[in-house]
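The hints should help you fit chain H onto chain W, whose structure is shown.
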Amino acid sequence: AQTVTQSQPEMSVQEAETVTLSCTYDTSESDYYLFWYKQPPSRQMILVIRQEAYKQQNATENRFSVNFQKAAKSFSLKISDSQLGDAAMYFCAYFDRGSTLGRLYFGRGTQLTVWP
Amino acid sequence: EPEVTQTPSHQVTQMGQEVILRCVPISNHLYFYWYRQILGQKVEFLVSFYNNEISEKSEIFDDQFSVERPDGSNFTLKIRSTKLEDSAMYFCASSKWTSTYEQYFGPGTRLTVT
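Here the protein sequences line up with chains W and H, keeping their order. If you read the first sequence in the working numbering, its first letter stands for residue 67, the second for the next number, and so on. If you read the second sequence in the working numbering, its first letter stands for residue 434, the second for the next number, and so on.
Chain H on its own, in the form it takes in the complex:
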C-alpha cells in the first residue's frame, strides 16, 4: 500500500541554523500539508499546498517557514533560522481530495533545536 515518507526521521540542529525537512507524498495525491506537534501538545496545522502554491497557512507559519515542491515527488518544509521553540515533530500529509477528504500522514520528522 502506498504511503507518505519523510526524511530524516530525526534532525538535530543548532539555534539559528536552517533546516529542510523532506516528504514524499503518495504519488497520485495533489494536495499537501504540513503539521507540527510540540511534545505533549496537540497536532497543529502549518500550511496547505496545491498546484505549486500555498493555499492556506496558519499564524504559526511565519516568514521563517517556506514550502516547496522542487520536483514531481518531493515536498519540503524549510525553516530558515531555527529557534528553540521550533523543536517538535513535523508531519507531512497528502490527500487525493476525494469525497472523503482523508489525509494520509507520514511518520514524522523529530526536530530538536539546541
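Isolated chain W, as found in the complex:
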C-alpha cells in the first residue's frame, strides 16, 4: 500500500512570513496525483492544491505553491504571506488513479499555527 509521511507534526509561522510543510510518499506507480488538504478547527476538509505526477511544472494557487520532486518522492507545500486564517491542520494526500475508483492515502498531518 502507498504510504504518505509528514515528518512535522507541528509548525508555526509569523503572520506575513513564509512556511514550508514537508511530505514524502512511497509508490511504485508512475501516474498518480498529489493533494494538500486543509482542515481548520471546524474539521471540514478543504482542498488547497493538487499536482499531477506527469507534470514537471509545480502547481501554484495564489499564496500556495508546491515543490514536487518526483524522483525524491517529495511534495512540499509553501505558504507565502501567511495569514491568521491559514492556521489549520494540513494533510498531504496521494491518489492512485490505477485503483478501481481511486482512494486517497493521507499523511498524519501537520498542525500549522500562525502568530500575529
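Since the hints were derived computationally from the structure, they do not count as laboratory data. You may find that some hints are simply not true.
Taking lysine to any residue pairs in the SDA-like style, the calculated list, with each CA pair at most 25 Å apart, reads [to be verified]:
(1) K475/H <-> Q122/W
(2) K121/W <-> Q135/W
(3) K475/H <-> Q123/W
(4) K475/H <-> E436/H
(5) K475/H <-> P182/W
(6) K475/H <-> V85/W
(7) K475/H <-> V79/W
Coordinates of chain H only, in the frame set by chain W:
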C-alpha cells in the same frame, strides 16, 4: 458554489446501536466515498461507491458497515452494531472523476459511541 453536506453534525449513540450517517454529494458527481478519522490519527479510506454498488472497500469496512444510495441525492453509511472503537469523524466525499480526480469532502459527522 455547490458543496457536500452531511447530517447530523454530531451523533451520540450507545454501544450496540445502529446508526445511519447521511451525506448529500454534489449533484453532478457520480463517485462517492466514505473516510473516517479517529481523533488524533490520519484520515482513512473506508469505501468507494459508483453506479449503485461498492467499488472498493478497506479492511476496516467489515460486515457491520453498509452503504446505500436510497434515492437520487442521498448517500448513507450504516453501522449496524456500533462499538466504542467506531467513535470517529466520518467524512463523505464525492468526485466527478475528471482528469484531476479531485474529491470534495463534506464537513463530517462526529460519531461518539458510549
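>> For K475/H and V79/W, compute the direct alpha-carbon distance and say whether it is at most 25 Å.
In response: holds (23 Å)
> Given the hinted pair K475/H and Q123/W, is their alpha-carbon gap at most 25 Å?
Replying inline: Roughly 29 Å separates the two Cα atoms, so the pair is violated.
> Given the hint that K475/H pairs with Q122/W, does the C-alpha gap stay at or below 25 Å?
Replying inline: Judged against 25 Å, a Cα distance of about 28 Å means the pair is violated.
> Given the hinted pair K475/H and P182/W, is their alpha-carbon gap at most 25 Å?
Replying inline: violated (28 Å)
> Does Q135/W lie within 25 Å of K121/W when you go C-alpha to C-alpha?
Replying inline: Distance of about 11 Å is within 25 Å: holds.
> Is the Cα-Cα distance between K475/H and E436/H 25 Å or less?
Replying inline: holds (23 Å)
>> Between the alpha carbons of K475/H and V85/W, is the straight-line distance 25 Å or under?
In response: Holds, because 22 Å separates the two Cα atoms, which is no more than 25 Å.
Hints 1, 3 and 5, counting from the list given before, are not met by this structure.
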